[in-house]
Amino acid sequence: SQQGEEDPQALSIQEGENATMNCSYKTSINNLQWYRQNSGRGLVHLILIRSNEREKHSGRLRVTLDTSKKSSSLLITASRAADTASYFCATDRSARQLTFGSGTQLTVLP
Amino acid sequence: DGGITQSPKYLFRKEGQNVTLSCEQNLNHDAMYWYRQDPGQGLRLIYYSQIVNDFQKGDIAEGYSVSREKKESFPLTVTSAQKNPTAFYLCASSGVTGEAGELFFGEGSRLTVL
Chain A
3 SQQGEEDPQA
13 LSIQEGENAT
23 MNCSYKTSIN
33 NLQWYRQNSG
43 RGLVHLILIR
53 SNEREKHSGR
63 LRVTLDTSKK
73 SSSLLITASR
83 AADTASYFCA
93 TDRSARQLTF
103 GSGTQLTVLP
Chain B
73 DGGITQSPKY
83 LFRKEGQNVT
93 LSCEQNLNHD
103 AMYWYRQDPG
113 QGLRLIYYSQ
123 IVNDFQKGDI
133 AEGYSVSREK
143 KESFPLTVTS
153 AQKNPTAFYL
163 CASSGVTGEA
173 GELFFGEGSR
183 LTVL
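So the protein sequences, as listed, match chains A and B. Per our numbering, the first sequence starts with residue 3, numbered consecutively. Per our numbering, the second sequence starts with residue 73, numbered consecutively.
Calculated directly from the structure, the hints in this document are not laboratory data. Backbone N, C-alpha and C fix where the C-beta goes; we use that ideal spot for every residue, glycine too. Please note that the accuracy of each hint is not assured.
[Claimed, not checked] Examples of chain A residues toward chain B, derived with CB under 8 angstroms:
{"hint": "1", "residue": "N33"}
{"hint": "2", "residue": "G44"}
{"hint": "3", "residue": "Q99"}
{"hint": "4", "residue": "G103"}
{"hint": "5", "residue": "S104"}
[To be verified] No more than 30 angstroms apart at the CA atoms, straight line, and that leaves these computed lysine-lysine pairs for DSS-like:
{"hint": "6", "chain 1": "A", "residue 1": "K71", "chain 2": "A", "residue 2": "K28"}
{"hint": "7", "chain 1": "B", "residue 1": "K143", "chain 2": "B", "residue 2": "K129"}
{"hint": "8", "chain 1": "B", "residue 1": "K129", "chain 2": "A", "residue 2": "K72"}
{"hint": "9", "chain 1": "B", "residue 1": "K142", "chain 2": "B", "residue 2": "K81"}
{"hint": "10", "chain 1": "A", "residue 1": "K28", "chain 2": "B", "residue 2": "K129"}
{"hint": "11", "chain 1": "B", "residue 1": "K129", "chain 2": "B", "residue 2": "K81"}
[What the hints assert, rightly or not] One side of the interface only, derived from the structure: several residues of chain B facing chain A at Cβ under 7 angstroms:
{"hint": "12", "residue": "G114"}
{"hint": "13", "residue": "A172"}
{"hint": "14", "residue": "E174"}
Just need the whole structure built from these sequences, with the hints factored in.
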């Protein structure tokens, strides 16, 4: 079953703009993670946020977590063409497993 | 360099044939995972292993089998019982076993059944 679901499914922006992707989930979590996948490649871990954290930063990435609304957002600031990829949220539905959403396809136009 | 190596990258097989996908890691991670990805979709867990000689079924284990005889290796066999095996298969590992920690992924194997 898909625990996390990303929104929107696809997003197209101009270089330099900010990109915001959202993730909603259904059951309580210990942590939520965001991953990036370039077309035809493996996933790369971006950031992990724990249930007792509200916001986390890593370079141009900002992740927020609202456990009361069971949602998270990923903000990429000052986007670049190289940020074009699919972005997935993943939640730990059990202590040993991650469940991935269906992803947001981000296209950054030069 | 440390990482996860999947092979082959592309694989074509006829219906009814078993095929084995290789996954090797040199990260000294205890936990390893196999995921399946279909076009435009997220990842679905096939099997996972927390320790050598032990593994558990994920959400879509039917038609697949695995072994974990060595810490470094976690091969996946797609059997003829798998109804729709054409997909992108991703292997991952984690150095964290007490919780769902960061996953390190291989570059994937794309299986096409003709």
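* State the violated hints by number, sorted upward, taking the hints as numbered earlier in the document. => none
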